[in-house]
Amino acid sequence: MIFRLGDLAELVGARLYGDAATEVSRVDTLQDAVAGSISFLTNSKYQKYLKATSATAVILKDSFRQECPVNTLVCDNPHLAYARISAHMQPVPESQAGRHQTAWVSDSAVVDPTAWIGPGAVIEDEVNIGPEVHVGPGCVVATGVTIGAGSRLIANVTLCHGITLGERVLVHPGAVIGSDGFGLADDNGTWVKVPQLGSVSIGCDVEIGANTTIDRGALCDTIISDGVKLDNQIQIAHNVEVGENTAMAACTGIAGSTRIGKNSTIGGGVVVVGHLEFADNVHFSADTLVTRSFKEPGYYSGNLPAMPNREWRKTIAHTRHLDEMMQRLKELEKQVTTLMAKKGDEA
Amino acid sequence: MIFRLGDLAELVGARLYGDAATEVSRVDTLQDAVAGSISFLTNSKYQKYLKATSATAVILKDSFRQECPVNTLVCDNPHLAYARISAHMQPVPESQAGRHQTAWVSDSAVVDPTAWIGPGAVIEDEVNIGPEVHVGPGCVVATGVTIGAGSRLIANVTLCHGITLGERVLVHPGAVIGSDGFGLADDNGTWVKVPQLGSVSIGCDVEIGANTTIDRGALCDTIISDGVKLDNQIQIAHNVEVGENTAMAACTGIAGSTRIGKNSTIGGGVVVVGHLEFADNVHFSADTLVTRSFKEPGYYSGNLPAMPNREWRKTIAHTRHLDEMMQRLKELEKQVTTLMAKKGDEA
Amino acid sequence: MIFRLGDLAELVGARLYGDAATEVSRVDTLQDAVAGSISFLTNSKYQKYLKATSATAVILKDSFRQECPVNTLVCDNPHLAYARISAHMQPVPESQAGRHQTAWVSDSAVVDPTAWIGPGAVIEDEVNIGPEVHVGPGCVVATGVTIGAGSRLIANVTLCHGITLGERVLVHPGAVIGSDGFGLADDNGTWVKVPQLGSVSIGCDVEIGANTTIDRGALCDTIISDGVKLDNQIQIAHNVEVGENTAMAACTGIAGSTRIGKNSTIGGGVVVVGHLEFADNVHFSADTLVTRSFKEPGYYSGNLPAMPNREWRKTIAHTRHLDEMMQRLKELEKQVTTLMAKKGDEA
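Chains as they are written, first to last, in the numbering used here: chain B, 1 to 347; chain A, 1001 to 1347; chain G, 2001 to 2347.
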């Protein structure tokens, strides 16, 4: 499909510097762009590709406009404008309705006639599937699950019994929602399972990444609020609550009963221990270990980043002698104080 | 179902302070309890909810009894009592037997008539499935696998060829048991695969979390002993041995040939490198990197926990200059010793 | 099957010290070897088992030969020789062709007659499957995927639409290739999805571990080059490029648009942030956080490894006071300089 720059600028509220009638048909990065591409500059690391780009137009901030050799769409948030324009330029995927011959759907399930149940999918008893839901191949939807309108399970997703998905939820392959929480009571060295009787409640407009796992609550529900975005291989333990519009990068784990606030961002590989509580607008850097609650909005970090191995070995050795270092420092302070005092006496 | 407090106290050996004939029908947290709920206090973080609870009875330690406004079941291990009472109060799930019309079972598989093979499940050749085993939807049980009595694969579980599960093993969705270990030999810059010819042996009463992976051994077997509990997204590499009743929290990885002892606990996000060996009763905090064997029982930790980002930047900068700091400290010590000696000469 | 030591030595170019006609039929570790076993010594941690081994022959370096009580195959790279001999001694698994009665294959898919489509597998429209490909039970191969000759998907693998696998690629259960990248644009606190229009290109001779996830690119493709080996539960984000013959251990995550070089090794549990670029032959230790590009080949590390908890608590406390420590050190230096100066004046 073909789009005019004037229409695209209008769509996202950008100021167009160039010819409104010029047409583009694809989105590309600055370095891969060709004639007919619209491109964007959203990260200064890629500024070096701007001058030589073959794009027909570039979405960028005003501060980069002078540097750009081609038509520009100028706005304050080029990343957002790029997202909107890219979505606008894609053809809407054709929607299917009905069920594949190899799917199995329980007689007691209620499936909206506009929903699609794909090859090899399993829909168990008393499931409720809303309009325009897409259940991809190999998905398992267990007894009593509810899926809101427009939600999509891509493939091989498992929704355990009784969980609830809101509307327009997107779940990527291999994700598991509603597995038992890790509840164990210690009986003199052997473990007794604590029944996991709660469920999982997923809000609307949530995205759940590939192979991410979200456990059901022990008694109350695990709660993922509206607009939350979870990347791949995230682990959400039982009774966690994640506030609206919070985004987490891949490989992060949140331990049981912790409450993450709204509009927060959690980097990849973060570990948050259990029973903590956070303010809204809290941001954790990648690979941070979080061991206590932070009640103030802000940026928090931990961990010692990579350095050459030889330097690291020395650093770790010194770190392990910090207590001794501190003692030696204190001893020196005492001695210097004595010396200074004598000095004073002499003076 | 309805239960009398006197019967529940007797079940778990608790002392009842209150009316033995009082009835409860559900388990709830202190803050969500209603009339008819039995609740519990197992973590002092939730003590604040005790006084205002609407529960009919609370399971707790003697030290909290005076503070509790309602009937109490007093015992030394309220968490265990809660687990037992909660399990007792749940109706036993109805067991199915036979196979779903969409399951595929090889003619050479031996499946106990009391076992259930769910929708879309695949049972390959020479599999042996014991009494009251539950194979959920979408599970793949490959050639030669043995599953002991009462074990349950929830859904979309993969058991690779030849592995063995003991009795009453519970495997959550997406778990993979028996994938190839990561064995590679370096042939001048390209990798040659080392055949992974061992298997995986899972003991009895083991629980394996969602999307957890356990690799088969290179020559001998990977061994998960009786009573081991593994949370979600754990990675157990080839030839690892995990001792009885050890529990690991989510997102932990154990590298090849490492031996974890009995009755140990491993926090979430821990990384243990290969070829190590540990005593029994070893405990690692969340997100710890373990690079050497610990032969003494005890608690071990690593990592630098989260702090405000500005503070962290300073801390990391100083950490990188620890070597210089140490040199400056040594220089000072020399100078002060000289000064002190002169002082002595003067005196 | 039975093999003569002389033939095995010749196969791998080892020098045989012993009887070329002696026969072996199995491979075992030094400690588990029996008469008829060929064993190997590749890690000095296992040297202690050499003297008492019951193996018939041992593959080792020349430096260990004198210590070995039995026949030896001496070479410079015993690990490689063991890998080759072990592979040579295994019977080739019988290959199947055709499709299982419970598989579903779209009419528009092109499947080579020598390929196998296993039970419950789903092959969607316009898929192209090459000769001797093995698609195991429960695998989903989405629209437009291409799989090169000799590749194997073990079970429950998901290949998303349009991705490309080279030849002889081995994919373990639960892996997901081609899920959407985590692209979000911030619209005043809510997230707008950035369409993920790129694909994933997997080279030849790649191995992909259980439950590993590889996201499709936002615009260009995510690229996994020839000979790359990925362990279990690895996360590769959108637009990452991994150079030839690089190997990554389990639980590692690479954030978006980062370029990993050739012939690199990345330990388990490593987190590499986005938009970085690395030289070839870069090696990261287990559980390292990588926050900047390294342009020089070499070994890089981070993180504070496990120590007894009491020691760790002290260390962390001191670490948090490093700034104060530095101030006190500077103050001392000033005072000592003053004292030394006076001393000089007095002299």
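I should point out that these hints are in silico values taken from the structure, not numbers from a laboratory. Misleading hints may appear alongside valid ones.
Once the Cα atoms are required to be at most 30 Å apart in a straight line, the calculated DSBU-like pairs of lysine-lysine come out as [to be verified]:
hint, chain 1, residue 1, chain 2, residue 2
1, B, Lys314, A, Lys1330
2, G, Lys2330, G, Lys2314
3, G, Lys2061, G, Lys2045
4, B, Lys295, A, Lys1314
5, A, Lys1334, G, Lys2314
6, G, Lys2262, G, Lys2061
7, A, Lys1193, B, Lys343
8, G, Lys2330, A, Lys1193
9, B, Lys262, A, Lys1343
10, A, Lys1314, G, Lys2051
11, A, Lys1061, A, Lys1045
12, G, Lys2330, A, Lys1343
Status of the hints after comparison with the structure:
Pair hint Lys314 of chain B plus Lys1330 of chain A holds up; C-alpha atoms about 16 Å apart against a cutoff of 30 Å. Proposed proximity of Lys2330 of chain G and Lys2314 of chain G is supported: the alpha carbons are some 23 Å apart, at most 30 Å. Between Lys2061 of chain G and Lys2045 of chain G, the direct Cα distance comes to roughly 14 Å. Compliance with the 30 Å bound is thereby established for this hinted pair. Of the supplied pair hints, the one linking Lys295 of chain B and Lys1314 of chain A holds, its CA atoms being roughly 22 Å apart against a limit of 30 Å.
About 27 Å separates the Cα atoms of Lys1334 of chain A and Lys2314 of chain G, which keeps this hinted pair within 30 Å; it holds. Note on Lys2262 of chain G and Lys2061 of chain G: the hinted pairing holds, with a Cα-Cα distance of about 28 Å set against a maximum of 30 Å. Restraint check: the Cα-Cα separation between Lys1193 of chain A and Lys343 of chain B comes to about 73 Å, which exceeds 30 Å; the hinted pair is violated. As the CA atoms of Lys2330 of chain G and Lys1193 of chain A are separated by approximately 56 Å, the hinted pair breaks the 30 Å bound.
Distance hint between Lys262 of chain B and Lys1343 of chain A is unfulfilled; the C-alpha atoms sit about 64 Å from each other, more than 30 Å. Simply put, Lys1314 of chain A and Lys2051 of chain G have alpha-carbon atoms about 53 Å apart, too far for the 30 Å limit, and the pair is violated. This hinted pair checks out: Lys1061 of chain A and Lys1045 of chain A have alpha carbons roughly 14 Å apart, not beyond 30 Å. For the proposed pair Lys2330 of chain G and Lys1343 of chain A, the alpha carbon gap of about 23 Å is at most 30 Å, so the pair holds.
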